[in-house]
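Trainee: Listed here are the chains, written in short residue letters.
Protein chains: 2
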Amino acid sequence: MTRIVRVAGAQMGPNQRGDRREDILARMIRLLEQAADRGASLVVFPELAFTTFFPRWLLSDDELTHYFERSMPNPAVAPLFTRARELGVGFYVGYAELTPEGQRFNSSMLVAPDGAVVGNYRKVHLPGSEQPRPDSHFQQLEKRYFAYGDLGFQAFRGPKAWQRGIFGMLICNDRRWPEAWRELGLQSMELLCVGYNSAGYDPNGGSSEDATLRTFHAKLAIQANAYMNATFAVAVAKAGNEDGSALIGGSCIVDPNGLILTEATSLDDELIVADCDLDQCLQGKSKMFNFAAHRRPQHYGRITAQVGAIAPA
Amino acid sequence: MTRIVRVAGAQMGPNQRGDRREDILARMIRLLEQAADRGASLVVFPELAFTTFFPRWLLSDDELTHYFERSMPNPAVAPLFTRARELGVGFYVGYAELTPEGQRFNSSMLVAPDGAVVGNYRKVHLPGSEQPRPDSHFQQLEKRYFAYGDLGFQAFRGPKAWQRGIFGMLICNDRRWPEAWRELGLQSMELLCVGYNSAGYDPNGGSSEDATLRTFHAKLAIQANAYMNATFAVAVAKAGNEDGSALIGGSCIVDPNGLILTEATSLDDELIVADCDLDQCLQGKSKMFNFAAHRRPQHYGRITAQVGAIAPA
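So the protein sequences, as listed, match chains A and B. Residue 191 in my numbering sits at position 191 of the first sequence, and the numbers go up by one each step. Residue 266 in my numbering sits at position 266 of the second sequence, and the numbers go up by one each step.
Honestly, I wouldn't trust all of these hints.
Said to hold, decoys possible - Calculated pairs, EDC-like style, for lysine to aspartate or glutamate (alpha carbon to alpha carbon, straight line, at most 16 Å):
1) A/K143 / A/E130
2) A/K287 / B/E130
3) B/K219 / B/E263
4) B/K287 / A/E130
5) A/K143 / A/D61
6) B/K160 / B/D279
Please keep in mind that the hints were generated in silico from the structure rather than gathered at the bench. This one's a predicted model, so the numbers in the text were calculated from it and none came from an experiment.
Please construct the entire structure, taking both the sequences and the accompanying hints into account.
Mentor: Laid out in structure tokens, this is it:
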């Protein structure tokens, strides 16, 4: 049997701080239309797709508010939702969420081709720091601007147009944490969507990482975790020189063997497309990674019992 | 600061069923001596290094007994232990363990350059099946011949000759399970030793895997899990055509960035050597993979609460 979903990754070039929202929306809709032309029924956009990656600056509350969505959709982003429904294409998109209660999250949502919301996710693994680093030109202040995601890692059953597949969402740094993948793998996930903004240098202040190494890390985490959970994965960057800060590209679609089916070659707006036969997950899920047959949770106690590392004496 | 341990991987070619134990020992000692010549203080041998990979056959109890060690060391393997102590080289070695109580495990041990036992490990993630598959030329009967490891995943503090580093052990299939690595990572592991015998075809009976793909999987799992736990890893195969069954090679030494420092190029006895500066783990352990700062165990509940996958409705 085959259960093919044609999936697109809509890598975006940079969104500059001064870019108008409608211009960014127009670029996203252009990518959406290209995806529809190529027959895709799911398009994955990056993390914080509607704005620049603002956690790189120390901002006042007033400035910060500007980057957040008070509801989804709202008038500023509605054209994307409307056009997607017209074209019969669903999508994953990352955005900054401000709740009615005033909580801020780094969020994503998954929307079906008919416009129905399949699921919501709020980023659990926030990188960076709460306090700005005094001597850094760029900050990484996600821990300051966002609350930790409070929805856990929930997988969602997709609509018929997506072969009733099982879909998971992560955001950026989450993809480096095997616990996040395993939570979704334990729900039989067949396709993971993840958008990211990853600096082409070490945002934590280390000196030994460059864009080549960090692109390697990004792909390595996607390929291995896709393999170890017998799932497809679509990883999509916002890339290029954004407000003077270098973001890696390397968007890719990966199969359950961890093999790259297609990948972006630019640091700009670029669509990648692949057919994902969700039944290809069966081999891994029933043999090598048959969790029911092979996992031994009685020996995994530290994973939930402790947060940080504890070295032997 | 630097804390360099020069480490060797002693990939072995096949051990045929008819090979005499003393001839296998002689090959292992030759690799040990080469490692000493090159200044290594730790040599990693494969899983079940002293014998052929006997779980590929359905064996009688009498035949089976022949492959197990009743104590370690014992006269049949003592020459390796003696020569290692003489040379001042420590080692990891995999072997089939028969306990005084009659339990059988797929085990490994870590021996310091002065001959002291640093630690023992018993394989947790046994692949294959308990019952033979009726139509298969080769079986994978580890679940029949071995009890599941009962020692958990314990990391060990090494001796001064190994820079007092923190060492972990896994065996073969364990390396594909991120839970195993994370258990060790949560003990600040700096260097993982893992030996393997991995078929160059799908031992579970699937048809879509070949030696190239399976070698890719083996390296991918090592590279990504080393990166995600900010640790060095030394992965060592028994390789080649063993009793008519193809075993992959691909032995490698990987750094905390997931980069391959050196790798085997043959399917035969072959030594690979690399300097591992354990302080290179600090970058990852203190920044990107600072577990205390970034892990969120409150959302990892499924990992210990359930064994198999449970799909959404």
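Trainee: With reference to the structure, classify each hint as holding or not holding.
Mentor: Cross-check of the supplied hints:
Pair hint A/K143 plus A/E130 holds up; C-alpha atoms about 5 Å apart against a cutoff of 16 Å. Restraint check: the Cα-Cα separation between A/K287 and B/E130 comes to about 14 Å, which is no more than 16 Å; the hinted pair holds. Simply put, B/K219 and B/E263 have alpha-carbon atoms about 10 Å apart, close enough for the 16 Å limit, and the pair holds. The straight-line distance between the Cα atoms of B/K287 and A/E130 is roughly 14 Å, inside the 16 Å bound, and the hint therefore holds.
For the hint linking A/K143 to A/D61, the alpha-carbon distance of about 15 Å falls within 16 Å, and the restraint holds. A hinted pair counts as satisfied when its Cα atoms are at most 16 Å apart, and B/K160 with B/D279 qualifies at roughly 15 Å.
The structure meets every hint from the earlier list without exception.
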